[in-house]
Structures are given as structure tokens and as C-alpha cells.
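*Asks:* So the chains spell out like this:
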Amino acid sequence: MIAAILSLTLLGTLLGFGLGFADRIFKVESNPLIDEVAALMPGSNCGQCGFPGCSGAAVALVEGRAAAAVCPPGGKALASALAAKLSLELDLSKVADRGPQIASVAEDICIGCCRCIKVCPTDAILGAAKQIHNVIREACTGCGNCVERCPTEAMTLQPIPLTVQHWVWPKPALA
Amino acid sequence: MGLMERLFKTPAWGVHPDDRKQPAAAVPLRVLPMPERLYIPLLQHVGAPARPVVLVGQPVLKGQLIAEPGGNISAPIHAPTSGTVIAIGDLTAPHPSGLTLPAITIAADGADRWAELHGCDDPFALAPEEITRRTAAAGVVGLGGATFPSAVKFSLGKRLDVGTLIVNGGECEPYLSSDDRVMRDFADAVVDGVRIVMHAIGARQALVGIEDNKPEAIAAMRRATEAYAEVKVCPVPARYPMGSDKQLIQTLTGREVPADARAAEVGVLVHNVSTCAAVHRAIRKGIPLIERIVTVNGGAVKNPGNLWAPIGTLIDDLLNFCGVVEAPARLILGGPMMGTPLPHGRTPIVKGASGILAFNAAEAAVPEAGPCIRCGSCAKACPMGLLPMEMAAHIRADSFKGAERFGLADCIACGCCAYICPAHIPLVQYFSHAKGELSAQERASLRNDATKRLVEARAARIERETQEKAAAAARRKAERDRAKAAAAALSTTVTAEEISS
Chain A
1 MIAAILSLTL LGTLLGFGLG FADRIFKVES NPLIDEVAAL MPGSNCGQCG
51 FPGCSGAAVA LVEGRAAAAV CPPGGKALAS ALAAKLSLEL DLSKVADRGP
101 QIASVAEDIC IGCCRCIKVC PTDAILGAAK QIHNVIREAC TGCGNCVERC
151 PTEAMTLQPI PLTVQHWVWP KPALA
Chain B
1 MGLMERLFKT PAWGVHPDDR KQPAAAVPLR VLPMPERLYI PLLQHVGAPA
51 RPVVLVGQPV LKGQLIAEPG GNISAPIHAP TSGTVIAIGD LTAPHPSGLT
101 LPAITIAADG ADRWAELHGC DDPFALAPEE ITRRTAAAGV VGLGGATFPS
151 AVKFSLGKRL DVGTLIVNGG ECEPYLSSDD RVMRDFADAV VDGVRIVMHA
201 IGARQALVGI EDNKPEAIAA MRRATEAYAE VKVCPVPARY PMGSDKQLIQ
251 TLTGREVPAD ARAAEVGVLV HNVSTCAAVH RAIRKGIPLI ERIVTVNGGA
301 VKNPGNLWAP IGTLIDDLLN FCGVVEAPAR LILGGPMMGT PLPHGRTPIV
351 KGASGILAFN AAEAAVPEAG PCIRCGSCAK ACPMGLLPME MAAHIRADSF
401 KGAERFGLAD CIACGCCAYI CPAHIPLVQY FSHAKGELSA QERASLRNDA
451 TKRLVEARAA RIERETQEKA AAAARRKAER DRAKAAAAAL STTVTAEEIS
501 S
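Protein chains in written order, with my numbering: chain A, 1 to 175; chain B, 1 to 501.
Quick caveat, the hints were computed from the structure, so don't treat them as lab data.
One or more hints might be untrue.
No more than 30 Å apart at the CA atoms, straight line, and that leaves these computed lysine-lysine pairs for DSS-like [unchecked claim]:
1) B:K477 to A:K27
2) A:K118 to B:K469
3) B:K477 to A:K171
4) B:K380 to B:K246
5) A:K85 to B:K401
6) A:K27 to A:K85
7) A:K130 to B:K469
8) B:K401 to A:K171
9) A:K118 to B:K477
Partial list, derived from the structure: chain A residues whose beta carbon lies under 7 Å from chain B [said to hold, decoys possible]:
10) K27
11) S30
12) N31
13) V164
14) W169
Everything numeric in this text was worked out from a predicted model, so none of it was measured.
Glycine included, C-beta positions come from ideal geometry on N, C-alpha and C.
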């Protein structure tokens, strides 16, 4: 009995230390640049870029497989930050294409199935079974996951209307 | 500063445009007959829009609260006359974009009946906090044009122990004379307001800076301040932009407000003369900010002058009252240097509307912009000591960060550079564009951070729910096991009893 306990304890301790050392010695170096780029991304893993999540997009960016304007929810700010970080060429005309959007529920078609709630990466949809759902405007990133999931097409993406507070003076025409 | 400037005390910065204040400034103040309808926007101040507290169809009295502040930095809005609320909806904003803002429309009943007002005979017996509270409740905002809620500034001044109150009677913008008129006609009210503000922020002295092109205002203010040694009238040279707070502070106290700092951090606080008069009315008589003096001026106006008008009056109503000699080629809210171009006259005046300018074709002509000839006039004129040509060159190439390195954040958008530019380059528009783009980028990156936080919160929630589910399953399993064991024990006992019997 004692011999069994001792031998197993010894074996466990030795193997534990062995694993610990192996973790230190044979550590797989991840590219620190990928981590830095991933830290810039929104992290909602919405998949609009076509890569597996934000970390996948970060890898693609660093390997040069994606353009700086890859992330639609990040908008111009993220695109220019990424371009500056990776010295990429930046084509902002593509980013400006669609403008910011937000999901909205057509209340007469919503059946209260809760499916959209499960796919929302930022918990921006409020609702319960057989209750009409609603979108929390401040939390919605306009990723469109809910639009694909909705069985009744009650979810749509709407452009955010321009307000006096967000309006920007146009750039003067070149002389 | 050169020897000549030292001798004549003229600052080295700024420009000296033709002031064109006459004859409007000399015409006695007229009272605008109450318009049939008033359109009161819910955002007339810096900060969050106000929230309406009245319903469509509800009768209101003059001075009654119709919208409450929408946040910490916000201001309430009151009915400028008695009547009925007939609509709450979008209206063209007095804003260059021509976009809409939510507004409350009131049909005046013509009776102009006041709501019950709560004035105070001895404001100096009140605690400073109480004055701040009453000023906030009266919806007083900075009337010089910035429309920052005054009460917020009071508590800031109190907190930072500001010794000097600077009262801004500069009114350096050409064409405008509403502050001039306030000082001439209501000098006692202004001085009383100044003393109330001093009490509220705990200031020991007040310096009233008035440009020396307003001798009547200086004389009226000197008469009104004779009894009060702590309020001093200081004529300052007429030089644009003397009415900008940083320039006035420097001229009166010799102290320069550092970049990224507020005036309160050099021990002064600036309030406009019209704001002080509004504070006097709010505290002494309990009247909220619902009316103001508006200058109506410009080449297209038949009888230019100053009008006492309720907030929410349509600009067309003001122009109809003063008459027009020709259809205005351009409408401007505020002064010609920093004012807001308006899309049309069916937009109302707001709390910060010091003037309405209706320009004729000759005044509105915009010369075509040419290439920069690197003459450096703009750098000489810039009151903030910036290099406008360098900033504009960066912005032309969409390098907003580059413009920021040249001090874009310190630009006060006074327009001296664009005024003096021999190539007529619209420099201020470049700077406004860049400031807007930079704040949009700032908002986007804040949004990105918020998204990140939300995603983390969701991950934590899912993790928590999984754990709770597992715990519940374990508990149920334990209960089941216990029940089974109990049942087994029972059956064993029963068997034993059967055997023994």
C-alpha cells in the first residue's frame, strides 16, 4: 500500500517537473507582431473579414494575405492603425463604401425564437422566447451574424443616420 | 513684441478687419413682436441634447420647463412664451450641414402669461452652490457663442479656486453689436450679474475687457461699476480675435493658457457680458434664459439693428421685421469670421445666436482660391502662434496626424489665417475638416474598445453559465444518488424485519 502511494507520488512529481521544463524549453515562439495586431482588432470574431475570427485575420494580415481595410466593423480608424503598424498600403475608398450600419428588428415579423441572441458576438440583442427582440444600439457592431441566422428575415442592417453631432466639414476642393 | 507694438500696446497677433458695426450698433434696441410660432431646438448647448418633458397639445406658460438636461453637461430649455405645444419633431438645425435636430414647436397664444417665478432679493446671502444650482436650472449657457453650460463652469471655478473673473465684452467680430447693446442698455444688470458670478466662484476681483471701439459701452460700464471697487473696466485694443478667451486673458493678465489646459488652471474664468446679464435675471428675478439680444445686420437688411427676441424665432421672422432690400445672398448665424453659414431662413435662433447676418451679393462673394505662395502671412496673423500653411499642407494630403503634430488641437478656428491669405485658401475649412475626421477616428477607436469589453463580458457570461449548469447537474445527480441509497436502505430494513418476524 505505502509502496504504491510513494511510487505513484514520485512518478507524478517527476512527470510534472518534466512537463514544466518541456513547456519552458520547447516553447513554440508565436510571432509577437501577430499578438500586437490581434490586440488592435475588435475581438468580436464576427467573421465579416472571411477569416476564422480576429486572430485568424491578424495572422493573415501579418502574412500579407489580407489588406489593411480587412475589418469592416473597425472602420477607417482601425484600417489606418493597421496600415501604420504593418506599413501596408491603404485604400480608404473601400472602407468608406458602406458606412456604419446597425441591426434592427422588424417587430411585425419577429417570432421571438432567440436564435439571433445566441450568435450575437457582443450580446447586443435583448429578448426572450416568444417575445419580440430588440437591438441595443450602443452595443451593436453591425456584423450581420443575426441577419443570416434569422429564420423570418426580421433582422436587417440599417445605415446609422448622420446627425449634427457626427457631421464632418467636407474637405475643400483642391485649388 | 516689437517696440512699436509695446508703445501702442497693439498685440502682434490677429487681424484688423473693417468692423462694420455702424449704424446697427447705434440704433436703439427694438423689441420683436411675439411671432405666431416658436421652434425651440433641444440641442442649443455643448453637451447632451435636452429631453422633452411636455406632450403635444399641452398648454405651456412663459418660462415653464419644457425639456430637462440630458446628462451632466447639458442644459434645460424653457418655453419662451405662453401657448400650446403643437409638435415635437425634426427641424432644420442652425448648422452648416443643413441636417435636422429634434425641436419643440409652440404656437403662441398672444397672452404671454408667465409661469410662477422664484427670484431672490439678496443673492449674496445664498450659498455659492445654490447660485450654481439656480443658474443650471435656468438653462443659462455661455452666450458668447460657445454655449457651454455656465453652471458647470461655476463649479469648476469654485473647485480650482479661481481668483479672477474675466468678463468678456470684447465682441471683436465685425457686424455684431449685441454685447455692446447689453452693456449700454443693461449695464447695471451686467455688473450685478458679474458680482453674483464672483460670489458663485469665489473670485476676489473681476476685470471687464471691452474693446476700445465701443466708447459708449465703456462709459456706461464705468458708471455702473463706480460703487464696486472689485469690478474693474479695462479697455483693450480693438484687434480680432480679442474676444477669444485665451487672447483676452493674455491681454488683461499677461498669463498664457497652456495647450491642453483650461483657463481655470491659470487662475481665471471667463464669462461673457450677456451671460452675466442672464445670470442676473435668473437669480434676481428667476427668469430662465428664454430671450436674448440678436444683432440683425448685413448689406441685404433695410433697417439693421439689435432686437430683443425670444429663443426659437425663425430667422425669416427677424428679417421680415427688419426688412430686406434684396434677397440675401448668404445667411450667417453669428459673426462673419467664425459664424455658421445657414442653408435657409426657416431655421430658428438659439441661445448662442449673437447675430444674424444677411449678406448681399457683394459681401457674399468668395474669391477663387489659388495655390499657396508661402508668404507666411497666416503664421504672422495666427493668435495661437501656429503655422496654418503647414497644417493645411498636411490635411490636403490626408495626414491628419501630421497636422496634429503642428498643433491642430490648439487652433481656435478664428479665421485670421483665411482672412489674411492673399491666395484666398479656405484654411479654416481644412482645419474644421481635419478636426472632424480626427474626432470621428477617436470615436471609432473608443467603439472598438467598447466592443472588446462586450466580447469579454459575453465570454465570461458563457463560462459562468456553463459552470452553473455543471453545478446544477452535479447537485441533481447527488440528490438522485441519495434518493436511491435511501430507497435501498429502506428495502433492506424491510427485508430484515420480514426475516425477523
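*Asks:* Indicate, hint by hint, whether the structure satisfies it.
*Replies:* A quick look at each hint next to the structure:
1. B:K477 to A:K27: Not satisfied, since the Cα-Cα distance of roughly 41 Å exceeds 30 Å.
2. A:K118 to B:K469: holds, 17 Å
3. B:K477 to A:K171: Not satisfied, since the Cα-Cα distance of roughly 68 Å exceeds 30 Å.
4. B:K380 to B:K246: holds, 17 Å
5. A:K85 to B:K401: Satisfied, since the Cα-Cα distance of roughly 14 Å is no more than 30 Å.
6. A:K27 to A:K85: Given that 30 Å is the threshold and the Cα spacing comes to 26 Å, the pair holds.
7. A:K130 to B:K469: Status holds; Cα separation ~23 Å.
8. B:K401 to A:K171: Judged against 30 Å, a Cα distance of about 16 Å means the pair holds.
9. A:K118 to B:K477: This hinted pair holds, its Cα atoms lying about 28 Å apart.
10. K27: Result: violated, 25 Å to nearest chain B Cβ.
11. S30: Because about 20 Å separates S30 of chain A from the closest Cβ in chain B, which is outside the 7 Å limit, the hint is violated.
12. N31: Violated - the Cβ of N31 of chain A stays beyond 7 Å from chain B, reaching only about 21 Å at its closest.
13. V164: holds, 5 Å
14. W169: holds, 4 Å
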